[in-house]
Amino acid sequence: MSLRKNILIAVSAGITILGFLSCSNLNDSTDVGNDILTNSDPSLTSFDKNFLAFSGDSNQVLQYCSIPGSSSDPLFGIHNGMITLGNKGMESSTGYVKFLIDDTLETKFNPGDSLLSITIQFDTLVRDSEHYDPGNIRIQSCLNDSASVRTIPDQSAIFSDTLQRQVIGSDTILVDTISGKIKDSIFSACTSYVNRITKCGKDTSCTRIQKIPLPIAFSLFNGNHTGLCRLQKPAMTIRYTRKNNNKTDTLSQTKKPYYFNFIAYESQEAIDSLSALPLSSYAAERVAVFKINLQPLWNKIDSSKQANFNEILSACFIIKGKNLFSDSITKFDSTIEYGYFFSPQLIKDGYYLHDSLFARGRTGTSTNGDSILMPVEYLLRPIIRSDRPAFGYLYIGISSSYDLWKRVLWGKPLFKAVVTTLKR
Amino acid sequence: MISKNLKSLSILIISLTFGLHAQSMLGSQYPMGLPTLPSTGPSLSLEGTGTGIQNNFLGMSKNPANLASINMAVFNAAVSLEFLNLHHENRAANLFGFEPQILSLAIPFGNFGALGLSFDQRNNSDFKTHSNSAVQYSNLFSQFPDTSHLWMVQDGGSKVWQAGWGYSILNKVQLGLTYERYYHTNHTNFIREITGSVNDTVIDSSSITYRGNAIRGGVMVPLGKLTLGMTGEYIFADKSTNLDKVVGTDATYKEIYFKPPPSLGFGASYQYSPEVLVAADVGATLWKEFYSDLERPELRNYAMNYSLGGQYIPAPNLLTPRYIETVQYRGGFRYTQLPAAKASEVAFSLGAGLPIEQGGGLIDLILEYGHRWDSNFTKYNEDFFGIKFGINGGRKWLKSSDTSY
Numbered sequence: 149m150s151l152r153k154n155i156l157i158a159v160s161a162g163i164t165i166l167g168f169l170s171c172s173n174l175n176d177s178t179d180v181g182n183d184i185l186t187n188s189d190p191s192l193t194s195f196d197k198n199f200l201a202f203s204g205d206s207n208q209v210l211q212y213c214s215i216p217g218s219s220s221d222p223l224f225g226i227h228n229g230m231i232t233l234g235n236k237g238m239e240s241s242t243g244y245v246k247f248l249i250d251d252t253l254e255t256k257f258n259p260g261d262s263l264l265s266i267t268i269q270f271d272t273l274v275r276d277s278e279h280y281d282p283g284n285i286r287i288q289s290c291l292n293d294s295a296s297v298r299t300i301p302d303q304s305a306i307f308s309d310t311l312q313r314q315v316i317g318s319d320t321i322l323v324d325t326i327s328g329k330i331k332d333s334i335f336s337a338c339t340s341y342v343n344r345i346t347k348c349g350k351d352t353s354c355t356r357i358q359k360i361p362l363p364i365a366f367s368l369f370n371g372n373h374t375g376l377c378r379l380q381k382p383a384m385t386i387r388y389t390r391k392n393n394n395k396t397d398t399l400s401q402t403k404k405p406y407y408f409n410f411i412a413y414e415s416q417e418a419i420d421s422l423s424a425l426p427l428s429s430y431a432a433e434r435v436a437v438f439k440i441n442l443q444p445l446w447n448k449i450d451s452s453k454q455a456n457f458n459e460i461l462s463a464c465f466i467i468k469g470k471n472l473f474s475d476s477i478t479k480f481d482s483t484i485e486y487g488y489f490f491s492p493q494l495i496k497d498g499y500y501l502h503d504s505l506f507a508r509g510r511t512g513t514s515t516n517g518d519s520i521l522m523p524v525e526y527l528l529r530p531i532i533r534s535d536r537p538a539f540g541y542l543y544i545g546i547s548s549s550y551d552l553w554k555r556v557l558w559g560k561p562l563f564k565a566v567v568t569t570l571k572r
Numbered sequence: 087m088i089s090k091n092l093k094s095l096s097i098l099i100i101s102l103t104f105g106l107h108a109q110s111m112l113g114s115q116y117p118m119g120l121p122t123l124p125s126t127g128p129s130l131s132l133e134g135t136g137t138g139i140q141n142n143f144l145g146m147s148k149n150p151a152n153l154a155s156i157n158m159a160v161f162n163a164a165v166s167l168e169f170l171n172l173h174h175e176n177r178a179a180n181l182f183g184f185e186p187q188i189l190s191l192a193i194p195f196g197n198f199g200a201l202g203l204s205f206d207q208r209n210n211s212d213f214k215t216h217s218n219s220a221v222q223y224s225n226l227f228s229q230f231p232d233t234s235h236l237w238m239v240q241d242g243g244s245k246v247w248q249a250g251w252g253y254s255i256l257n258k259v260q261l262g263l264t265y266e267r268y269y270h271t272n273h274t275n276f277i278r279e280i281t282g283s284v285n286d287t288v289i290d291s292s293s294i295t296y297r298g299n300a301i302r303g304g305v306m307v308p309l310g311k312l313t314l315g316m317t318g319e320y321i322f323a324d325k326s327t328n329l330d331k332v333v334g335t336d337a338t339y340k341e342i343y344f345k346p347p348p349s350l351g352f353g354a355s356y357q358y359s360p361e362v363l364v365a366a367d368v369g370a371t372l373w374k375e376f377y378s379d380l381e382r383p384e385l386r387n388y389a390m391n392y393s394l395g396g397q398y399i400p401a402p403n404l405l406t407p408r409y410i411e412t413v414q415y416r417g418g419f420r421y422t423q424l425p426a427a428k429a430s431e432v433a434f435s436l437g438a439g440l441p442i443e444q445g446g447g448l449i450d451l452i453l454e455y456g457h458r459w460d461s462n463f464t465k466y467n468e469d470f471f472g473i474k475f476g477i478n479g480g481r482k483w484l485k486s487s488d489t490s491y
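Line by line, the protein sequences give chains E and U.
Just remember that our numbering sits 148 ahead of the position in the first sequence, which is counted from 1.
Just remember that our numbering sits 86 ahead of the position in the second sequence, which is counted from 1.
What the hints contain is simulated information worked out from the structure, not anything from laboratory work.
Each hint should be verified, as a subset may be incorrect.
To be verified - As a list, the in silico DSSO-like pairs of lysine-lysine whose alpha-carbon atoms are at most 27 Å apart: (1) E/K468 - E/K448; (2) U/K465 - U/K258; (3) E/K246 - E/K359; (4) E/K329 - E/K236; (5) U/K340 - U/K311; (6) E/K197 - U/K214; (7) U/K465 - E/K197; (8) E/K197 - U/K331; (9) U/K331 - E/K453; (10) E/K404 - E/K256; (11) E/K468 - E/K560; (12) E/K331 - E/K391.
To be verified - Have a look at the derived ranges for each label pair, beta carbon to beta carbon: (13) E/Q454 - U/R267: 57 to 63 Å; (14) U/P360 - E/P190: 55 to 61 Å; (15) U/R177 - E/Q454: 36 to 42 Å; (16) E/N207 - U/A337: 37 to 43 Å; (17) U/A178 - E/R533: 49 to 55 Å; (18) U/N285 - E/T385: 16 to 22 Å; (19) E/F539 - U/N225: 23 to 29 Å; (20) E/N447 - U/N225: 32 to 38 Å.
The beta carbon of each residue, even a glycine, is placed where N, CA and C say it ideally should be.
Could you put together the complete structure from these sequences and hints?
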């Protein structure tokens, strides 16, 4: 008999047996006979000895507030890779763009080149109803990107001007011509590069110093404009001439920015009025904070005589939120990503706070009706294993939103938990 | 036709050997799981009887001394499809599993005796239980119902590799001795799970791994139609590893001492006629000698096993018998005390040994029914029904030169 026929018979027998099994009323597992396990260890089958449910209520929230993104704190409201300028409600924003004049640009120039112009431009304004109107955007030289020097125009800036609107085809771009000392510094750095490097000869440390880039930064303001505009693709263009025999060529080099961002911040009026609310905002990165009384949980655990409940199995906050301007967040609104954190410590420092909001969720995916579930068992486990603080803080921020200016006012969260035992 | 399907059945049996086991709840409380019958097909159809039977196809499964009586190279494999019915008051559940019994090889070397190699399953500790219940929160959370689940999943058992030698002294006494490499593992996961509005799990796991050495010896004395046999096994204590871990935390690891129990067995068979053979075994597992640093339930001092069986071949010596007259019909009964003090099982079996290749091979088809109980749990018992398959192949590599023409 051929091997193929043997295999066929074996497979047929196997299929027959599997068919018989699938038609049988067979169980994968069962709880029939659990009494035997109970006899050897009563805790193995007892739900009372393995699960203790805790149901909190709104009284568990002792306090709430929000930590604002203020103009004096450079760690809030920074959004890299985009520039949005203007004012909305009680939030304002300023932009920043930084270029590095380095050897990728400098090597393209000769010492005898003559400067025609240096321009900086931002093209392709985002065309949506909220962000289109550019207003009058001021650009001025900037020494650093600290938020404290970016919220108010610097009256002593060596360069300050207004971006001019230009329409090219169907696109609108904003352009300004750089003038004064900055212009000279940029072009001088470019044309002196060859000589600087030549003088260094084989001195590598000298060469290294000469190759240190020259940073050129600008801040952008939209003044008192009551609208917003978003700028894209910043670029610096140097136009110059070069003599070539008896001919003069006109050339240009374009440099992309080293980085650019905008910072959104709240007015002092907003800080004063909103800090008492459990409010999260995306642009200014305001973070809502709830002080949660954990003592009822510990009391429930300690009062249980069923078992030594020493491990968090499940814990979550259930919370409702609504847009500050009244529209509620429902499961159909899946545009908001939120970050949250639960800690026994009160964190005010923005550096640590924003890094801490690593637990993520998105409305729509972790929403039941209009309530959002925020699992925190993995944040609570270290707490229950070490000490048992009387209270903890729930922090909620908005980590992403289609609407940059989304603000969510949160209701009081409800806390539920199930604790269990460690068997080992 | 039957002989030609030998390969097919072999493929099927070997593939089933790697399957799951039926899940005895009673076996879950024994320190090494539920004892199994590591026997070849002919002995399985006699309900494990065979310590005093001389038979090529028993190999060294029941008595290493049987190696001395084999006159051809023999390969054996056996597997059981086990259906388990658990009863507790008015509730019942049906479970199913595959249970490997044995893979063995025996090779005779004429006057130098015979060599045996085997791999067999001694104990089985697999089981899985699951129960669930709604979590009771306050009404504030009525929109967010959760269900709690308790799982206990255990797998493991004892597996033994053996190499043995059998030798006959003046055709009057047969001796057999094997070296065994004994492996016992037991891995238990205790799982607490929440499903519903949230999904979380905590898993406590614990495992024990024992690797040790053992020796097993046997004597067989043929006295005309009567054959007496005795066998014993001693497993040496050794360090084993115990690993406890909660998922998400560091594991704790410790060494413990572990010593499986020794065992003794006595058997006798009587060849009443060429057609009829009857046999009986008495054995004991000496749980009194079992030792483990881990907690264990109260065990018997000695777990006895009594079995008897009979074989009938309609026409064993006819030159041209019909095939049906060469089939080896067997039946057996067994009463086995389980390790726990008041736990036992009884089982009956009926089997047919189907000769293939002019007696050079044998396919065993066996049906077994048994009942398992523990008097400590009067409302609980287990019924088991097994369909067992054995495949036995033999070939004479050394021809006797006694015949002269």
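These are the hints, each one checked on the structure:
no. : hint                        : verdict
1   : E/K468 - E/K448             : holds (26 Å)
2   : U/K465 - U/K258             : violated (52 Å)
3   : E/K246 - E/K359             : holds (18 Å)
4   : E/K329 - E/K236             : violated (35 Å)
5   : U/K340 - U/K311             : violated (54 Å)
6   : E/K197 - U/K214             : holds (19 Å)
7   : U/K465 - E/K197             : holds (24 Å)
8   : E/K197 - U/K331             : holds (20 Å)
9   : U/K331 - E/K453             : holds (25 Å)
10  : E/K404 - E/K256             : holds (15 Å)
11  : E/K468 - E/K560             : holds (8 Å)
12  : E/K331 - E/K391             : holds (21 Å)
13  : E/Q454 - U/R267: 57 to 63 Å : violated (45 Å)
14  : U/P360 - E/P190: 55 to 61 Å : holds (59 Å)
15  : U/R177 - E/Q454: 36 to 42 Å : violated (25 Å)
16  : E/N207 - U/A337: 37 to 43 Å : holds (41 Å)
17  : U/A178 - E/R533: 49 to 55 Å : violated (42 Å)
18  : U/N285 - E/T385: 16 to 22 Å : violated (56 Å)
19  : E/F539 - U/N225: 23 to 29 Å : holds (25 Å)
20  : E/N447 - U/N225: 32 to 38 Å : violated (20 Å)
When each numbered hint is compared with the structure, violations occur for hints 2, 4, 5, 13, 15, 17, 18 and 20.
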